Structure formats: C-alpha cells, structure tokens
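Visitor: Sequence order for the protein chains is A and B. If you count the first sequence from 1, position 92 lands on 92 in my numbering, and the numbers rise without skipping. If you count the second sequence from 1, position 69 lands on 69 in my numbering, and the numbers rise without skipping.
FYI, nobody ran anything at the bench for these hints, they're computed from the structure. In this text, all values refer to a predicted model and were calculated from it rather than measured experimentally. Quick reminder that beta carbons are idealized off the backbone N, C-alpha and C, glycines included. Don't take each hint at face value.
One-sided and incomplete, this derived list gives chain B residues near chain A with beta-carbon spacing under 10 Å [claimed, not checked]:
#, residue
1, 12
2, 24
3, 72
4, 358
5, 361
6, 363
7, 401
The list that follows gives simulated cross-link-like pairs (lysine-lysine, DSSO-like), each with its CA atoms no further than 27 Å apart [as the list claims (entries may be wrong)]:
#, chain 1, residue 1, chain 2, residue 2
8, B, 293, B, 305
9, B, 368, B, 246
10, A, 91, B, 347
11, A, 126, A, 102
12, B, 410, A, 91
13, B, 347, A, 84
14, A, 84, A, 95
15, A, 28, B, 454
16, B, 393, A, 84
17, A, 2, B, 410
18, A, 91, B, 384
19, B, 454, A, 95
20, B, 347, B, 392
21, B, 368, B, 293
22, B, 392, A, 84
23, B, 17, B, 293
24, A, 120, A, 28
25, A, 2, B, 453
26, B, 377, A, 91
27, B, 274, A, 2
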Amino acid sequence: MKVGLFVPCYVDQFYPGAAIATLELLEKLGVDVQYPSRQTCCGQPMANSGFEHLTGGCNELFIENFSAFDYIVCPSGSCVLHIKHHLQSDKNEAKAAAIRNKVYELVEFLTDVLKITNLKGSFPHKVGIHQSCHGQRGLQLSQMTELVAPSFSKPRYLLDMIAGLEIMPLDRADECCGFGGTFCVAEEAVSVKMGKDRVADHIRNGVEYITAADLSCLMHMEGILRRQGSPLKVIHIAEILNGECTV
Amino acid sequence: MKTTDKDHAALANEFNKDAPRVDWHDETLWWVRQKRDNAVKKIPGWEELREAGSQIKNNVLANLSGYLKQFEANAQANGVHVHWAIDAKEHNEIVLELLQSNGVKKIVKSKSMLTEECNLNEYLNLNGVDVIDTDLGEFIVQLANEHPSHIVLPCIHKKKEEIGELFHQHLGTPAGNADPVFLTETARRHLRETFLTRKAALTGVNFAVAETGEFVVCTNEGNADMGAHLADIHIASMGIEKIIPKRKHLGVFLRVLARSATGQPVTTYSSHFKTPRPGASTHIVIVDNGRSKQLGREDFRNSLKCIRCGACMNTCPVYRRSGGHSYNNAIAGPIGSILAPNLDMKKHADLPFASTLCGSCTNVCPVKIDIHDQLYKWRQVIVKSGHAPVAKKAAMGAMTRVLSSPVSYKVAGKLGRLMMKRAPFAVNNQFNPWYKQRELPVVPENSFGEWYKKNRNNKPKDI
Numbered sequence: 001m002k003v004g005l006f007v008p009c010y011v012d013q014f015y016p017g018a019a020i021a022t023l024e025l026l027e028k029l030g031v032d033v034q035y036p037s038r039q040t041c042c043g044q045p046m047a048n049s050g051f052e053h054l055t056g057g058c059n060e061l062f063i064e065n066f067s068a069f070d071y072i073v074c075p076s077g078s079c080v081l082h083i084k085h086h087l088q089s090d091k092n093e094a095k096a097a098a099i100r101n102k103v104y105e106l107v108e109f110l111t112d113v114l115k116i117t118n119l120k121g122s123f124p125h126k127v128g129i130h131q132s133c134h135g136q137r138g139l140q141l142s143q144m145t146e147l148v149a150p151s152f153s154k155p156r157y158l159l160d161m162i163a164g165l166e167i168m169p170l171d172r173a174d175e176c177c178g179f180g181g182t183f184c185v186a187e188e189a190v191s192v193k194m195g196k197d198r199v200a201d202h203i204r205n206g207v208e209y210i211t212a213a214d215l216s217c218l219m220h221m222e223g224i225l226r227r228q229g230s231p232l233k234v235i236h237i238a239e240i241l242n243g244e245c246t247v
Numbered sequence: 001m002k003t004t005d006k007d008h009a010a011l012a013n014e015f016n017k018d019a020p021r022v023d024w025h026d027e028t029l030w031w032v033r034q035k036r037d038n039a040v041k042k043i044p045g046w047e048e049l050r051e052a053g054s055q056i057k058n059n060v061l062a063n064l065s066g067y068l069k070q071f072e073a074n075a076q077a078n079g080v081h082v083h084w085a086i087d088a089k090e091h092n093e094i095v096l097e098l099l100q101s102n103g104v105k106k107i108v109k110s111k112s113m114l115t116e117e118c119n120l121n122e123y124l125n126l127n128g129v130d131v132i133d134t135d136l137g138e139f140i141v142q143l144a145n146e147h148p149s150h151i152v153l154p155c156i157h158k159k160k161e162e163i164g165e166l167f168h169q170h171l172g173t174p175a176g177n178a179d180p181v182f183l184t185e186t187a188r189r190h191l192r193e194t195f196l197t198r199k200a201a202l203t204g205v206n207f208a209v210a211e212t213g214e215f216v217v218c219t220n221e222g223n224a225d226m227g228a229h230l231a232d233i234h235i236a237s238m239g240i241e242k243i244i245p246k247r248k249h250l251g252v253f254l255r256v257l258a259r260s261a262t263g264q265p266v267t268t269y270s271s272h273f274k275t276p277r278p279g280a281s282t283h284i285v286i287v288d289n290g291r292s293k294q295l296g297r298e299d300f301r302n303s304l305k306c307i308r309c310g311a312c313m314n315t316c317p318v319y320r321r322s323g324g325h326s327y328n329n330a331i332a333g334p335i336g337s338i339l340a341p342n343l344d345m346k347k348h349a350d351l352p353f354a355s356t357l358c359g360s361c362t363n364v365c366p367v368k369i370d371i372h373d374q375l376y377k378w379r380q381v382i383v384k385s386g387h388a389p390v391a392k393k394a395a396m397g398a399m400t401r402v403l404s405s406p407v408s409y410k411v412a413g414k415l416g417r418l419m420m421k422r423a424p425f426a427v428n429n430q431f432n433p434w435y436k437q438r439e440l441p442v443v444p445e446n447s448f449g450e451w452y453k454k455n456r457n458n459k460p461k462d463i
C-alpha cells in the first residue's frame, strides 16, 4: 500500500509539527508513506470564494502529484472534502475521479482503512474536541446533532485509545468556529464572535487542549486564545495520536 | 422604512458592536434550535418524514404547472376567485384593485412573507389603504417601522423592554411596563377593535392542496382565522411553490413544519379554507415573482421546496450573530441567501458569502434543501457574472498564480514567513482584518516541505 501524504499549504507553512506527526504516525503503523514535494494547495481558498474556475492549475498539479498512490492521506478534513467534491480535469478526468475516491482525511484513514484498534500513547490532559464542520458534516467523521441518528465519533474512538486523556463535554457539541476560509476576513466581526464563543465553551468546561482533525479551525481559535492571553492550547489530533508533542 | 446600501458584513459589524446583545440574540435563537432538537427526537421516523417531505416537494416542482391548473380548477369550483400575478408589482396591483373596487380603505393582514417580498404594505399605504398586521410579532415591527428580521419570529431582534417602550409610545401603556402578558393583552384588545371594523383580510398560504382546491394557513395566534372570518373579503397570497398534490400530504408537512420552526408538535391553528361563507368572497393571488426563473436554474431549483419554517436561521451561527436585518432582504438567513440572488443578483451578491458553509442549515431543513451546497454554487455564479469586488478578484488572481506553481509557492511561502518573522508589523497591523482581534500563527523555522527534505532524504523525492 503506497500512501501519498497531502499536506495543506497553510499546514506546510505554519504548522509543520502536525504534518510531521501525521507522517510519523503513519510510519509507525507500518504504512509506506511518501510526501510528493511538488504539491502546493488543493485550490479550496479560491473555490470557496467563488473562483473555482481558477483552480485548474491546482487541480492538474494535484493529479500530477498524487495519481500514482493507492491512497492519499491528509490531516485536514476541509481540504479532503474539497478534493472529493471539486477535483476535476478536462485532460485527466479518469485520474481525477480515481483521486476523488482514494483521498482520505487522517482520522477516517486510521479507522476505516487501517482499522486500528489500539494506539500506544499518553496525554494526561482534559481535551475538548472541536468538530470541524467539513470533516463532520462533509466527511461524516462523527454524528451531527441536527440529525436523529445513532451517535458515533471517529476522532473520539481514536482519542479514547490514549492513556490519561479525558474528553470534556461541551455545551454546543458541533457549532462552527467561524473560520470559513476568506469568511474570516470578509466577515471579520461575525467570524471573531463565533471564534470567541467557541473557545468560551471549551474554557467553561475546563478544557486544557482543544483538538480537531482540521488545523484551520484550530489556527482560528488559537489566534483568539493567544490574543486573549488564555492558557488554553490547541493541538492537532495527529500530535496527540502520535504520542509526541512537537509543538 | 429603513433601506440600506451596506452589505451583510458591514451591517453585521454594526450589530456586533454590542456584544452582550449579540449573546442575547444568539442564545435566544439557540434555545429555539434546542426546542426543535427535542421535538424531532420525540417522534419516530423523523428522518423518514424529512425524506417524504422532500420527495413530495420534488414531485411538485417536477409537475408544477399541472398541479397549479388542477388547484385553480378546484378552487374555482369551490367558489373561490383565482388571480395570477407574474411579479410583485402585478400582485400588489391585483390586491389594490380588489380593495378599491369594494371601497375598502382599511385591511387586516396576518403574517405573509410573500407580501413582505412584494412590499405590499408600502404600496397599499402609498395608495391610501391602511394595513394593520395582526400577527403580534409583525404588529410590533410595524409599530417600530421595521421589517421582520425572521420569517417565523418577526420581532425576535427586539427585547421585551423595547417592546414595552414602543407600546408606551403608540398604545399609551404605562412607561416601563415590559411584562409580556400585559403587553400581549394590550395588543390583543387593540387588535380586536381593528378586526371588528375591517371589511377585508389578507393572509398568506402555507399549503395549497391541488386535489381539493383548499388552502391551509398555519398560525399560533388564530389571527388569520379571526381576520378572514370577520371580513367580507378574504385575499390569500401564495407563491406558486406552495402547492401540495393531495390533502393526505398535510400529514407530513404539518408534522415537520411546527417541529422545525419552534419545536411545537403542530401549530396552534392549522386553518383550512375551502369555500367562502355566504355573502363573503375569497380571492387567491398566485404569484410567480421569479420563482419560475429559479425553477429553471437546475442547481437552485430545489430551494423552492422551502416551507418557510425558519429552522435554517435558528441553527445558523452567522444569522444568530448578525441578526436578520443584516441580510437586507425580506427573507434572511441561509434560505434567504439562496433565494435572494435569483431576484436581484447584483443587489444580493453579498449574501451567499455570509456563511462559513458549515452545513448545519442543510441538516435541519425539513425538506432536505442542500442549502450550503447552493451557497457554494451561487458564489461561483456571482463571480462569473462579474459581481465580485475588484480587490478580491485581484487577490484571487495573484493567489492562483502562486499556488499553481510549486516553485513560486515555495518562494512565496519562504518570503512570507521571513517577513512575518523579520517585519511582523507588515502583517500585524490594523489593515489586516485577521489581526484586529486575532494573533497570527507563530512562524516556524522550516516549512514541512523543508523539514521533509532534510529528514527523509533517503526516500525518492517523487514518484
């Protein structure tokens, strides 16, 4: 099984620790994983802003970088969802279609493909899970509070394997943090208010670390927490699961 | 009445200047969302009901003209007059003509979002007809000279103290009395006088049944019934999409409507109107106003399935923190944002962007409209139609050039990180909307790409 590691552009530039943790975790689990060095961005920032017609270059580059792999794994639900729904190509549509079906967010790759049942690791902290919308409602990493359906949570299933980790319940289990790509600057006031309200929920419930399968949300909440001078920290789920905190 | 040139972001920014008020607004609507959650979990087969509602509405949209003709024939057989209006203007003219030919100068109206969409109140006022809104929430916003901020809870943006003050000014209640029971009773007495003296009543339509020609109006206050039963003329305005094929389908829609809207099992009054009583007349105005154009837009067609429950507003984290008036459209929130661009794309170009695409709206929708996917699709249409701001176009163009080339991406990333480290003031300033209330990420020494090259250079670089 050859796995291509897809590292979102902002993770590559600002959060290499989460990408390293993802790589190391997959290696520990015996996966043959490689990082194609010519990757840039999935094109989501343009597409969500209404400029999907400009993403042709990103699409072709993505296909060139990742076609040869059996699976593509990425530590970001949002970017994976974009590829799943919007990767297309006039020149290589068959390859694009294949990629759409073999791209996985890290958590779902661990639970659905590798089907892991235990992880060695310890994280003796109170943790709040932020349900990133695109991972949750788009990729269905966990059940959504709007639906009348049995509950499940793939991130929680993995976090429960980690010794000492205590998951704290939140008042609003799956409300958006307000990042929303360019929304965070175009609608600054509402975006910030949503972020403040989200971190307040974690603070109120005694959380020490907010974790998520998507760094964009964590980046947003971290920006607010640091401005507030809060001791509450954010950490990507890969960094907890990998057992070594690299932040 | 207030109209504005400001876009959603600017109006939301104003709304957010009073953070405790935003909290109050957010929590009030979240409470309604929770009531909805409790209600839908109490009955078996909720998701199946949603699916049934969705499929019935799909069938309606696929066969709309046939159902409309069937409805018209049956309504006429019941003795009801049927009028057709291509747009808001024609709707308003038909209503005015009906009133004038009957010498009516004053009417009562129960809640109708369609008449809000058509700006009927302003039109009638300009033409010498006095309109009293009898839904308590609408009555309040009418006193305040405002539009409803929510399709089900028109005055949800007002605190009870503000309503007390309005009543003090307009109805002479004691200053400082904000007791909801007292205020409701005051409005009730005031409106009762009005009901007894009006010759014509206007209502909306929640469901129009094709097989019987009857229509159903859902209210919690009974004001639609009161108005229609006391008046000589009942005018009911409905959009063409309000049709349902059979009476039995009400068994689906009446169950999902109130649960989704307020968490009630059913609205207090679900009034069926079929035949006018002796001596009275009933008129139905069937309005298109852009709906057939929306029907022709494949990607946006199913927005016409909407039954106006407002659940998408109550769950929307953006709506709850920006208020209904920030949408500057008769219908606010997520559903308003996919309906409005169809009517005027340029004017409402901001609305599909007033969302994080979190998808909660789609999940609560009782007729399964893919609201957040349509928001995404409207963004593409709006940009392609040339309604994107110039600065955004330039930024997206530059971003595309950088991200389409591995070399320029690496160079730009390195330069960007270097600048953030060496000259943080270049990004950490008041011109960067991110930085106003948030810190930027701490810049790492190396990108992951650089780290990988150093630490995994034993592996082939690419395959």
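Visitor: If a hint holds in the structure, say so; if it does not, say that too.
Guide: Outcome of the hint check:
1. 12: 5 Å, holds
2. 24: 13 Å, violated
3. 72: 37 Å, violated
4. 358: 4 Å, holds
5. 361: 9 Å, holds
6. 363: 3 Å, holds
7. 401: 8 Å, holds
8. 293(B) - 305(B): Given pair residue 293(B), residue 305(B) holds - Cα atoms ~14 Å apart, limit 27 Å.
9. 368(B) - 246(B): Judged against 27 Å, a Cα distance of about 20 Å means the pair holds.
10. 91(A) - 347(B): 37 Å, violated
11. 126(A) - 102(A): 34 Å, violated
12. 410(B) - 91(A): Given that 27 Å is the threshold and the Cα spacing comes to 26 Å, the pair holds.
13. 347(B) - 84(A): 32 Å, violated
14. 84(A) - 95(A): 13 Å, holds
15. 28(A) - 454(B): 19 Å, holds
16. 393(B) - 84(A): Holds, at roughly 25 Å.
17. 2(A) - 410(B): 25 Å, holds
18. 91(A) - 384(B): Answer holds: residue 91(A) to residue 384(B) is near 22 Å, not above 27 Å.
19. 454(B) - 95(A): 31 Å, violated
20. 347(B) - 392(B): 17 Å, holds
21. 368(B) - 293(B): Holds, at about 21 Å.
22. 392(B) - 84(A): Satisfied, since the Cα-Cα distance of roughly 26 Å is no more than 27 Å.
23. 17(B) - 293(B): Violated. Residue 17(B) to residue 293(B) sits at ~38 Å, over the 27 Å cutoff.
24. 120(A) - 28(A): 10 Å, holds
25. 2(A) - 453(B): 19 Å, holds
26. 377(B) - 91(A): With Cα atoms ~23 Å apart, residue 377(B) and residue 91(A) stay inside 27 Å; holds.
27. 274(B) - 2(A): 68 Å, violated
Consistency note: the structure conflicts with the earlier hints numbered 2, 3, 10, 11, 13, 19, 23, 27.
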